[in-house]
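Since chain A is already given, all that's left is putting chain B with the ligands on it; use the hints.
As they're listed, the protein sequences go chains A and B. Residue numbering for the first sequence follows the numbering used here, starting at 1 and increasing by one per position. Residue numbering for the second sequence follows the numbering used here, starting at 1001 and increasing by one per position.
Simulated from the structure, these hints should not be mistaken for lab results. A portion of the hints provided could be inaccurate.
Unchecked claim - Pulled from the structure, derived: some chain B residues nowhere near chain A, Cβ distances all over 10 Å:
| id | residue |
| --- | --- |
| 1 | D1063 |
| 2 | E1073 |
| 3 | R1077 |
| 4 | P1087 |
| 5 | G1148 |
Stated by the list, open to error - Computed footprint of chain A on chain B, listed as stretches where at least three residues anywhere in the stretch have a Cβ under 8 Å from a Cβ of chain A:
| id | stretch |
| --- | --- |
| 6 | 1042-1050 |
| 7 | 1224-1232 |
To be verified - Chain B side only, calculated, beta carbon under 7 Å to chain A, not exhaustive:
| id | residue |
| --- | --- |
| 8 | I1011 |
| 9 | A1076 |
| 10 | G1092 |
| 11 | E1105 |
| 12 | I1178 |
Every residue, glycine too, gets a C-beta built ideally from N, C-alpha and C.
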Amino acid sequence: MGYTENELAKDLENQEYKFGFVTNIESDKAPKGLNEGIIRFISAKKEEPEWLLDFRLKAFALWKEMTEPEWAHVHYEKPDFQDITYYSAPKQTKKYESWDDVDPEMKETMAKLGISMEEQQRLTGVAVDFVMDSVSVATSFKSKLAELGIVFCSFSEAVKEHPELVRKYMGTVVPMTDNFYAALNSAVFTDGSFCYIPSGVRCPMELSTYFRINEGGTGQFERTLVVADQGAYVSYLEGCTAPQRDENQLHAAVVELIALDDAEIKYSTVQNWYPGDKEGKGGIYNFVTKRGLCERNAKISWTQVETGSAVTWKYPSCVLKGDNSIGEFYSVAVTNNYQQADTGTKMIHLGKNTKSTIISKGISAGKSQNSYRGLVQIHKNADNARNFSQCDSLLMTDECGAHTFPYIECKNSSAKIEHEATTSKIGEDQIFYCLQRGISEEKAISLIVNGYCKEVLNQLPMEFAVEAQKLLAISLEGSVG
Amino acid sequence: MITIKNLHASIDGKEILKGLNLEVPAGQVHAIMGPNGAGKSTLASVLAGREDYEVTDGTVDFDGVDLLELSTEDRAREGMFLAFQYPVEIPGVSNVNFLRTALNEIREYKGQEAISAKDFMAMVREKSAIVELDAKLASRAVNEGFSGGEKKRNEIFQMAMLEPKLAILDETDSGLDIDALRIVANGVNKLRSEKNATIVITHYQRLLDYIVPDVVHVLYNGRIVKSGPKELALELEEKGYDWIKAEQEAK
Ligand SMILES: Nc1ncnc2c1ncn2[C@@H]1O[C@H](COP(=O)(O)OP(=O)(O)O)[C@@H](O)[C@H]1O
Ligand SMILES: [Mg+2]
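Bound conformation, chain A alone (with noise of 0.2 Å):
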């Protein structure tokens, strides 16, 4: 009842990508490349303290020995990594200290992304920290946030800020070894969003944060790091958008959540990178390592609503290391056009007692290609370990695809585990029903579609889930066939 049907018609009206455009503020860049001197340049850039320079060194060394993993359902040109701008920021390095000092371009940019911040400030409450290009150019709400301790900043802000706390965590759930993305990213990245939440205090907002990459040939490497200390609670939203390109953009993102005991971590994303054109020309290439731990009687959850990327290669997992403790994976993932998904879930189970749910809706049109992956991992000790999963796919069109590949390892006997799965065509009987009530096709089918997606999106707040709504409908334009 709460969507906003007219909204959706206005959007429906926007045939080419909506967020398609290109802001234009001057780069201090480095040289195209990546050797030990670009590293070494990021660093000093960013006035980053040795320990950090040793780790991406370190980082960089094991990375050059790696070879790009090929296992997953999806197929594209390799990136060069010599072709690419490692390190990329606007101009004015000077933060704002309230919202009239920041620059009109960008904010017409935010008004575009449809994210006005004094908009979002009045009527959410939301603290929203924009990453444009890799420096956090507007934070809000700090203040208020750091009256209960919370920390919430970009991550180089965090290495100034708050070292102890990051080196303490970082690298700690996702370490640099774990694959090629994350070893790269490990090397390179440039910034990203910190997070932390001390023992005890229940954050009273959700926390959002923009990214958005800018810079033609910019490889975005993020990194987030989220800590909820013990008995602590906090939502965190991130969402993005891209502009319109024609060469391949790399992201490759690494999230980290550490959720001690008793605590719970929420961590939303409405994700919408550049698809690529109707030829599957374009369009981001978005490899990420999303993974989360939780300690003694913690929770994670994990939702996604996946619509954009020319190719996307995403696992958020939990590690469930703790006994009791919890992680739910609640995932739409949409492709169209030649758009290639290979997302899913790990659930590893090491504690006893623990718990994982796994919500999984593929969406394919066009002559996409969606798939499902998922491992649910029962360790020896894991004693009455529980997980369900429940898989299902709604195919738009006779050419698209759906694979699902779920892995089940199990050394527990006490363990219970259940798999359901489905596959659906879209009904023409659906759409004729709609369309009798006098409702259009294109309304017809954000309906049916935002229906069977309705467990998911109801994990997401409200304005995300009315964002996502938006979303889906705009992806899926014209997509019935």
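Just chain B with the ligands now, with coordinates in the frame of chain A:
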């Protein structure tokens, strides 16, 4: 309200409607009866604008507009409503959200403003009472997990909400027990007015005890072959359709 002349329609190259004529004036209820496979649901689908069917000849005037020129959704917006023989389920989409979307699309088409949430909810309460539909069903997903009878009642509830000029009820009585039948029929009767018209498609004259038609038509082999007063339904009930078939073959 609707005037159908010489309507021919086929599906997958097979002609089902073979020169059908029918006129239903405003303020009237007409019943269409006929044996299985006669083309009753086909007629309903063709009028509603289902794309699988190809209209090869004929005209349909719907309250002054050329119905066959309109898209499916515009026919609905002009006031054509079909209560489906087999209503589909739309998982995860609440009845109220579905209906509000439909209602606002129709209003927009007519140049009216969108209905406010408050007025809409008041309307839901009022109209669901007409078919004694549990308020809980109004907020559940469209037809999902509804019993056969609940689905049919929900169709009439939707009809009440959308206030069509012409409603076509396709076998709305099938699968209903006597109580549900009475409730559905009462609902339809309450919605009757001088301004609208109803076509009731049925196999059984039982429904016509409750929804009393002005005219009864017999659809056989793609045509209306006989029309008469409500007593015709009783005759058909008594004698079956064989005599109609015999009469037709004799021609
Ligand atoms: N896709 C189709 N291809 C060929 N014949 C069809 C198709 N769909 C329905 N028919 C035929 O159309 C005729 C009329 O069906 P229908 O309108 O459902 O009859 P009624 O509702 O009167 O029982 C039947 O003979 C049926 O078999
Ligand atoms: Mg029928």
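| said: So, against the hints stated earlier in the document, which numbers end up violated here? | reply: 2, 3, 4, 7, 8, 12
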